[in-house]
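Asker: Note that the protein sequences, when read in sequence, are chains A and B. The numbering used here applies: residue 1 is where the first sequence begins, and numbers increase by one. The numbering used here applies: residue 1 is where the second sequence begins, and numbers increase by one.
Just so you know, the hints here were simulated from the structure itself, not pulled from any lab data. Small disclaimer: the values here were computed from a predicted structure and weren't measured. Glycine is no exception: its CB is placed at the ideal position from the N, C-alpha and C atoms. You may find that some hints are simply not true.
[Claimed, not checked] With a Cα cut of at most 20 angstroms, we get these calculated DMTMM-like pairs of lysine to aspartate or glutamate:
1) B:160 - B:196
2) B:4 - A:29
3) A:125 - A:75
4) B:269 - A:75
5) B:226 - B:236
6) B:4 - A:145
7) A:125 - A:105
8) B:269 - A:68
9) B:354 - B:236
10) B:4 - A:58
11) B:269 - A:106
12) A:86 - B:342
13) A:86 - B:236
14) B:302 - B:245
15) A:156 - B:236
16) A:116 - A:106
17) A:80 - A:57
18) B:4 - A:57
19) A:86 - B:346
20) A:116 - A:145
21) A:86 - A:105
22) A:153 - B:181
[As the list claims (entries may be wrong)] Computed far set for chain B versus chain A, every beta-carbon distance over 10 angstroms:
23) 4
24) 19
25) 124
26) 178
27) 185
28) 216
29) 221
30) 241
31) 262
32) 265
33) 269
34) 312
35) 341
36) 342
[Stated by the list, open to error] Covered stretches of chain A, as calculated for chain B (at least 3 residues, CB under 8 angstroms):
37) 14–24
38) 52–62
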Amino acid sequence: MYQGIIIAGFGGQGVVSMGILLAYAGMVDGKYVTFFPAYGAEMRGGTANCSVIISTDEIAAPVVGQPDSVVVMNEPSFSKFEPMLKPGGRLFINSSLVSSRSKRDDIEVIEIPVNKIAEEIGTLKIANMVMAGALIKHTGAIASEAVVKSLPKVYKRAKPEILKLNEVAVKRGAEY
Amino acid sequence: MAEKTLMKGNEALAEGAVRAGCRFFAGYPITPQNEVPEYMSWRLPQEGGFFIQAESEVAAINMLFGAASTGIRVMTSSSSPGISLKQEGISYCAGADLPIFYANVVRGGPGLGNIAPAQSDYFQATRGGGHGDYRVFVMAPNSVSEMANFPKRCYDVAFKYRVPSMILADGILGQMMEPVEFDFEPVDPSSFPEPDWAIGGDASGRERRVVKSYDLRPGRLEEWNKERAKRFERIEAEEVDWDGEGLDDCELLITSYGSCSRISKSAVKMAREDGLPVGLLRPITLYPFPKKAYQDLAKRVKNILVVEMSLGQFIEDVQLSVLGKVPIHFHGRPAGGIPTAEEIYDIVRKIMGK
């Protein structure tokens, strides 16, 4: 199993945070992992992206050229990363914010209104966790228990009730 | 050993240095290495060490000269333009036989360049960098674990031979996160014997010690430089390190160092899946350079492909090692251009006529 994932969105949507969580959870799940953030002049409201690789074999190149999965949390990310997706790959769209629809017929598209679901649970801030849940469900790259177990390790300063909300968000995403 | 932790390359580098006994860090911010001073600023005080954010790179390296004179393990880090600023001080440390350790998390150049990953400081790192006849012991990690574990080897070599040592990384290695496993237990620097050259005030009446890089007495500096050159000869004989794969039967040898070697490794894997005899030689020490490994392979391989994230620097050491015995091909991407495994493999197929 090898999953090269690119996660993209606005700064502040938890794109990098989601990438670190997935990498950590992959490690907890016994996989090889790498995480690489785009570290340009990113700022809140600007665009942010990162790449994560989860693999059962040792990872040689830590750079994702042609991703197996792409997560687009906002509209600009769609036009930038949708064309890069490997044929047969999966495109995860935050349908609450992205109105573009892919014209490619060689990919699987998963549309999830993560903002809406997050607000139903209680806070928009956990939209990224809803997406993380959907990603691990569809790719099968990481066991969801590993993600839940990793939450308090990655978000060390989060209060228990906030962690609980994140856990609910991951589970709701995995149902989608 | 403790369980694996997920760390950023820059943090692993800083933690590795602390565990290897570093107790003094002076630096100045620059992307993409800012996590190193940030980490040191809270981590060193925990161990009773000192962190100083200097007013400039020039100040930082001269603070290192002073701290290193007392015989403790010191560190600075920067990225390309900042390391250029530090070259005068590094040369002074080399001239005074001070065992300093520093890291260059390389970005695009020349000049202010950009903040993207690059390998274009190879010449500067391996040829000394500053003025005068000296070298620096240079290690090139290719993973976050190696970022964590190489500082210890750099300190060990620096103190054994009294030379500067460095890690040549790049923006990928500094910014990426990977699981880290330390291959050594933290060392306690207070258990080290005081070096017999360290200064620091001593009322016991022992012979006066002087740390300086300056000697105007006729002939003395020549002797001093020759003695230092002997230490570099020993380093070349004893401290070379490299690894590789597919070397037993390869006809085409790819060679790369640092993060680029991981991309080349992916290309080797693609070639092997197609049944092509391709191997990878990856120097771990850039100075001393693993000349003999190349010379041995030059007797058997038909072609060598050098891949680096610069426009022809590392290739010169390969050429100097094989001395024209094998055709050498080149693929270089500068200033933030990162080769892909696919583009490397395309070149491999062209060279092999497949």
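Asker: Which earlier hints turn out false for this structure, listed by number in ascending order?
Answerer: 4, 7, 9, 11, 13, 15, 16, 17, 20, 23, 26, 31, 32, 33, 35, 36
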